[in-house]
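Sequences listed follow chains A and B, in order. FYI, the numbering used here numbers position 81 of the first sequence as 81, with every residue one higher than the one before it. FYI, the numbering used here numbers position 15 of the second sequence as 15, with every residue one higher than the one before it.
Hints are not guaranteed to be accurate.
What the hints assert, rightly or not - Below, a list of computed lysine to aspartate or glutamate pairs in the DMTMM-like style, where the Cα atoms sit at most 25 Å apart:
id	chain 1	residue 1	chain 2	residue 2
1	A	K329	A	D313
2	A	K459	A	E429
3	A	K286	B	E48
4	B	K62	A	E104
5	B	K47	A	D285
6	B	K47	A	E294
7	B	K60	A	E129
8	B	K54	A	E36
9	A	K267	B	E29
10	A	K521	B	D28
11	B	K62	A	E34
12	B	K62	A	E129
13	B	K76	A	D291
14	A	K286	B	D72
15	B	K74	A	E294
16	A	K388	A	D313
17	A	K520	B	D17
18	A	K521	B	E24
19	B	K54	A	D477
20	B	K47	A	E290
21	B	K62	A	E259
22	A	K317	B	E46
23	B	K7	A	E517
24	B	K47	A	D291
25	A	K416	A	E433
26	A	K521	A	D483
27	B	K62	A	E125
28	A	K459	A	D477
29	B	K47	A	E259
30	A	K436	A	E412
31	A	K115	A	E517
Simulated from the structure, these hints should not be mistaken for lab results.
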Amino acid sequence: MINRYNPNETLWERWSLNAALFPDKEAIVHWDAEAEPFRWTFSHLLSSAEKYALALKHMGIRKGDVCAIIMRHNAQFYPLYLSIASIGAIPAVLAYPNGRLHPEKFRQGLEGMAKHSGLDWIMTERDIEPIISSLTVGQNSAIRGILFPLEFHAETPVNNDEYREILNTRANMKPDDPFLLQHSSGTTGLQKPVLLTHREILLHISNYSDAIRLTDSDKIASWLPLYHDMGLIAAFQMPLASGITTIQIDPFQWVMVPEILLDAISKEKATLAWLPNFAFNLMADKIRTEDLEEISLESVRMLINCSEPVRYDSFVKFLESFQHLGITKEKFGASYGMAEITFSATQTEPGMQPRHFSADRQMLSKGVVQIAGTDSQQVVRECVSSGKPIKGTIIKILGENGQELPEGMVGEIAIKSETVFQGYRNYPEKTAEVLKDGWYYSGDYGFILDGFIYAIGRKKDIIIVAGNNIYPEDVEDAVLQADGVIPGRVIAFGEEDPSIGSEQISVIAESNLTDPESLKKLRLEIVRTGMQIDVTIKNVYIVPPRWLIKSSAGKPARKANMERILKSKEEVLWG
Amino acid sequence: MISDRLKKTILNVLKLDDYEIQSETRADEVPGWDSLNHINVILAVEKEYQVRFKNIEVLKLKNIGDLQKLVDSKAK
Chain A
1 MINRYNPNET
11 LWERWSLNAA
21 LFPDKEAIVH
31 WDAEAEPFRW
41 TFSHLLSSAE
51 KYALALKHMG
61 IRKGDVCAII
71 MRHNAQFYPL
81 YLSIASIGAI
91 PAVLAYPNGR
101 LHPEKFRQGL
111 EGMAKHSGLD
121 WIMTERDIEP
131 IISSLTVGQN
141 SAIRGILFPL
151 EFHAETPVNN
161 DEYREILNTR
171 ANMKPDDPFL
181 LQHSSGTTGL
191 QKPVLLTHRE
201 ILLHISNYSD
211 AIRLTDSDKI
221 ASWLPLYHDM
231 GLIAAFQMPL
241 ASGITTIQID
251 PFQWVMVPEI
261 LLDAISKEKA
271 TLAWLPNFAF
281 NLMADKIRTE
291 DLEEISLESV
301 RMLINCSEPV
311 RYDSFVKFLE
321 SFQHLGITKE
331 KFGASYGMAE
341 ITFSATQTEP
351 GMQPRHFSAD
361 RQMLSKGVVQ
371 IAGTDSQQVV
381 RECVSSGKPI
391 KGTIIKILGE
401 NGQELPEGMV
411 GEIAIKSETV
421 FQGYRNYPEK
431 TAEVLKDGWY
441 YSGDYGFILD
451 GFIYAIGRKK
461 DIIIVAGNNI
471 YPEDVEDAVL
481 QADGVIPGRV
491 IAFGEEDPSI
501 GSEQISVIAE
511 SNLTDPESLK
521 KLRLEIVRTG
531 MQIDVTIKNV
541 YIVPPRWLIK
551 SSAGKPARKA
561 NMERILKSKE
571 EVLWG
Chain B
1 MISDRLKKTI
11 LNVLKLDDYE
21 IQSETRADEV
31 PGWDSLNHIN
41 VILAVEKEYQ
51 VRFKNIEVLK
61 LKNIGDLQKL
71 VDSKAK
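Only chain A is shown next, with the shape it has when bound in the complex:
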């Protein structure tokens, strides 16, 4: 295994080295519950990427072009991704639209991203051609073309001039050249593009693999989508660069049949997996004991909880359900991170369960960490640590005025990382909000205790549902389209749902409607507007005109209204 950082290396050089050193080792096991897995060795993956590279070059893709890949789970995705990077272009994985997302919303999202992220090419499947065919492409658009790589001929004739150009591009590739684009969060319109260089990716992988003590006997199993930093960096880039195997599971198959992950771990003897908190709940609650007869999880070294607040109950549930298969509490881990610093800021110690303690909830809400006593009447919150900063990372906690707070005080988490991004592509104003003097202001609330980092909430209004970040503005804009909602009088927020170990989206909307039948229809209509942007609105609160509290700027204030509705849930509201 290679994970020693070499400041002069590029990802293409690293992959080529891995293919030379471990030609027959499995790089990617492409898992499909309906078929035998497809197994890419390091050498086969690279030779296949070479064929795609020739085809892409022939189609006019140039160094620096951003290539959006919008594909379902497909074994050809991986060589395609590598081939884009191998000719100096920049791959960006985007989510494939599901049937819920309104085609127009999807198109608008792509157009917005083309403008801001600078998408030059869209590489996708023929099935969504009807949706995207009306996109403006060519001279009057940022998008230069739409390609269908699954239809490329297996053997593109080698054009010697083009091949020489490819070799020349590779020879001149520099560690500080842009390597990939990942998007930080958002649903359709507000995704923020993070551009990362070869150096940042390789250095981050080196620092992070030290933190989890990655070895060449490790194998990663993942159902995580590759448009998300956790899936892309931890479960795809890290194993590829380190010369270890990753097992890639279809996210859609996993969420329908979650035991697929356990089956893959068991059959492939995987050692590592990263999971958002809700996944621990989902697997513990929904997988039946009788479906586990041939499963063993003895091979697992760490299951790392990441991407949404870590809940202690979720670990307990998971342990109760799968202890008999080889899971112990020491196999749980946690990490805190975000796309803006490449992936991870902290990591718990391998072989030790994440630190946790009961804090006095009332004191915590005042910003002071106080370990709860034995008083049974005391309202407590179980806080779980995400570990300590990884190599190359410093974390501090800031108060309201930007002053650094001591241990045991709650404030905004600010991160200084060797692999922090340079800024959101084409979004200088958004970059200026979060990146100051080399510090990334996370917008998350947390504290440090005995050197361990705890992330406990958010300063920003962002909603995290099952590991996906959703902007309330996107939901509010959609809901305002519902007939019967007073213009401008909607707020969306995340409401904790302990049963799934995540948040659910709630909406408060003002309406003049009063009769029960109309209110019922309006509620359904509001849920439908969410479906059009592919979000599920779980709770709809319809309130009378002028119910929503306004902020000083004259807009409904999300936090104040959320607190008001949750306090008055028992009161009779309209509908």
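Starting from the structure of chain A, add chain B where the hints point.
Chain B alone, transformed into the frame defined by chain A:
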């Protein structure tokens, strides 16, 4: 044709009073039936009909008509 029993089971999971469901209706067209809720619907249908679906059978379902056919074949 979707039976009232299947329709009622589905709507109950999704907390919908009523919603038009046809054989061709896809899960993603029904309010609340998202990927996270899919497994809840399947488990509720299995419980209601006292049947067990194989993973592969669940993954092959394209619409609610397919679910009805699967239930019918198991409940025979």
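Okay, the hints, checked on the actual structure:
no., hint, result
1, A:K329 <-> A:D313, "holds, 12 Å"
2, A:K459 <-> A:E429, "holds, 19 Å"
3, A:K286 <-> B:E48, "holds, 16 Å"
4, B:K62 <-> A:E104, "holds, 23 Å"
5, B:K47 <-> A:D285, "holds, 15 Å"
6, B:K47 <-> A:E294, "holds, 23 Å"
7, B:K60 <-> A:E129, "holds, 23 Å"
8, B:K54 <-> A:E36, "holds, 17 Å"
9, A:K267 <-> B:E29, "violated, 35 Å"
10, A:K521 <-> B:D28, "holds, 19 Å"
11, B:K62 <-> A:E34, "holds, 14 Å"
12, B:K62 <-> A:E129, "holds, 20 Å"
13, B:K76 <-> A:D291, "holds, 23 Å"
14, A:K286 <-> B:D72, "holds, 23 Å"
15, B:K74 <-> A:E294, "holds, 24 Å"
16, A:K388 <-> A:D313, "holds, 21 Å"
17, A:K520 <-> B:D17, "holds, 9 Å"
18, A:K521 <-> B:E24, "holds, 23 Å"
19, B:K54 <-> A:D477, "violated, 40 Å"
20, B:K47 <-> A:E290, "holds, 15 Å"
21, B:K62 <-> A:E259, "holds, 20 Å"
22, A:K317 <-> B:E46, "holds, 23 Å"
23, B:K7 <-> A:E517, "holds, 21 Å"
24, B:K47 <-> A:D291, "holds, 15 Å"
25, A:K416 <-> A:E433, "holds, 15 Å"
26, A:K521 <-> A:D483, "holds, 10 Å"
27, B:K62 <-> A:E125, "holds, 19 Å"
28, A:K459 <-> A:D477, "holds, 21 Å"
29, B:K47 <-> A:E259, "holds, 19 Å"
30, A:K436 <-> A:E412, "holds, 14 Å"
31, A:K115 <-> A:E517, "violated, 43 Å"
Checked against the numbered hints given earlier, the structure breaks hints 9, 19, 31 and satisfies all the rest.
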